[in-house]
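Okay, here's what each chain looks like letter by letter:
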Amino acid sequence: MTPILETARLGLAYPGFDLRDIDLSLAPGSILALIGPSGAGKTTLMKLIMGQVPPSSGQLKVAGLSHPVDLKEIRSRIGYVGEDPPFMPNKRVGEIIRFAAPYYSRWDSARFNDLLREFDIDHRQKVQNLSRGRKSLLSLALALSHEADLLLLDEPTAGIDAHRRRQVLRLMAEHVADGTRSAMIATHQTDGLAPLADRLAILHRGRIVFEGETEEILASWKWLRYRDGAVSRELEEALVSRESGAFGNRGLIRTYPEVQADLEGARAAGDLQVGNASIDDILISLTGGE
Amino acid sequence: MFIALSNDNPDPMYRQVTDQIRDAIASGELQPDELLPSIRELALSLDVSVITIKRAYRDLETEGLIRTRQGLGSFVTAVDPAILRQEKLAEIQGELSRILLRGRKFNITSEDIVTLIEQIEGGEHDTDS
Amino acid sequence: MMALVKKFGLFYLTTAMTFFFLCAYSLAASAPNFPFLPAMFLPIYLSNAVAMSERETGDPLLGVLPISPGEIMKVKFSLAFILVVVSWLNMALFTALQGLPPAMAANVMKLNTIFGIIGLILAAAFQYGIHFFSWGAFHKVIIGFAAVSGVFGIAFFVGLAKKGLNYPGGFPLIPVLETIPGFALGILVIIAVALYHLAYRRGPWNPRRQYAG
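Chains as they are written, first to last, in the working numbering: chain A, 145 to 434; chain B, 240 to 368; chain C, 32 to 244.
For the record, the hints were derived by calculation from the structure and aren't laboratory data.
A hint or two may mislead.
[What the hints assert, rightly or not] Pairs of lysine-lysine residues, derived as BS3-like cross-links and limited to a Cα-Cα distance of at most 25 Å, are as follows:
(1) A:Lys205 to A:Lys216
(2) A:Lys235 to A:Lys216
(3) A:Lys216 to C:Lys37
(4) A:Lys279 to C:Lys194
(5) A:Lys270 to C:Lys38
(6) C:Lys171 to C:Lys105
(7) A:Lys270 to C:Lys37
(8) A:Lys216 to C:Lys38
(9) A:Lys235 to C:Lys37
(10) A:Lys279 to A:Lys235
(11) A:Lys235 to A:Lys270
(12) A:Lys216 to C:Lys105
(13) C:Lys194 to A:Lys235
(14) C:Lys105 to C:Lys38
(15) C:Lys194 to C:Lys38
(16) C:Lys37 to C:Lys105
Given only the sequences and the hints, what does the whole structure look like? Please build it.
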């Protein structure tokens, strides 16, 4: 199956910023969580995919199509929610949709109206009178209403309360659930993300420092809490984020499956406990806690 | 069918799903030829990605526990309960070794553990009668 | 397409109407320097229309919707072209209404045509300028240009009025215009329109190949 999104050595360089060697491949049905500190390049990557800015190196394909010649076709297949909701303040919601909808051949106005109702947004409201969160939701409603093959969500839950946040993630999952569409979500609010996103890419200072299956990374990175002497010297040295205290030692291991068998003894004896690492733990470890 | 996934469980999500479906088949909760929920339905109700469920179903199919018919869905195959029983025994054996190992620290022997088992069963008989 | 025309068209429309009413006013007031005055101010009106429509070009939705930069430019080039044509027709109408002797009317129309050609060149140049230098930097150029044209125009007329020269008979340019044959100007118009179209077609907003790796 053609990947919905494919990049090869993609990059954009300008003074003070350098995004480089981005290799991604997003299969249909997949959800990729793009994680990284602010300024890492997540938004820039999205802009490249949308064709808003040309790359300085590498290639990018959406459903086999390329910018700039296929810009219109590509954008018609992408549901994009950018960091800043793209609406002129003085316009009314209804006006905006009357302008935008005809550009999408697969526009579903029933779906759009349902979403507006769910998000509590009225057609007659002016954009400037909507809260930041509602503007984002309007952006999302637009993105979900034209049968997009690819959802690109850049911090879609900023300014949104926890209940609506879950709703946003749910809507994203539902949109992709038929197995023919994909989503890429850039965020630093990582809770609830792990089970939904089957792939994870960690971006730091313009480079990808990890890209792979979420399950794989979560299976490899574990917290070890252990009594003195319960683990070998060698292993202890390999741990990151190490801490020692009155109640024992703690450290993060990156290669758990390889050492799992060796640790079985200590575990059974009650001298060692294995806990799951959160995506944030991994992110902080890989990006130096910035 | 009841499936509960946990973030605290060290096993990956897809394995939790396969384990629980396997258990349901072994216990008879899922009957042979019964239709499993669609990948999409299960993914949405468990709040996990479609890819995870796809993988779980694929693994179950490789094991021969389910079969997928294009356009119809996934069905439980008729499995020899003896095989599943064997697998469960192996699992319990692993858990018992861990318990034995833990007990050794406090000089708890295998005899002590057999006594415990008898006590537990005796207790169950009491409540039964 | 129509949605884009509606988006940008309003400013070109108001500009054309302003032009129309200025001509009408000049005619009604029997101003001696009509219709040279409005013709000379075409660059200013054009600058104004381009400048005001740029605000709508800043609509962030254009960066999300499936609209190619080429489409947007096609509309802008078309609207500017229509404005120039409409202004020219406007001038033709009022020249006829003025009841000038035929030879003089012909000279006036030649002058209008020259300004039309200048208008087209300016419109294309503005769009290229905005594209290469960004609105932030370039709009100062457009406004500067409009201001300079305005000042020059006014100074020119004040100077003429002081010398007691009337339009069109006393205009210094008229002898020059008489020497230019009509059909030569016609050919110039065709070339100008062809170049204008080419300027749109070959612009950076109509890329014909993929980005190189």
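Practice prompt. Against the structure, test the hints numbered earlier, and report the numbers of the ones violated in rising order.
Written response: The structure breaks hints 4, 13 and 15; every other hint is satisfied.
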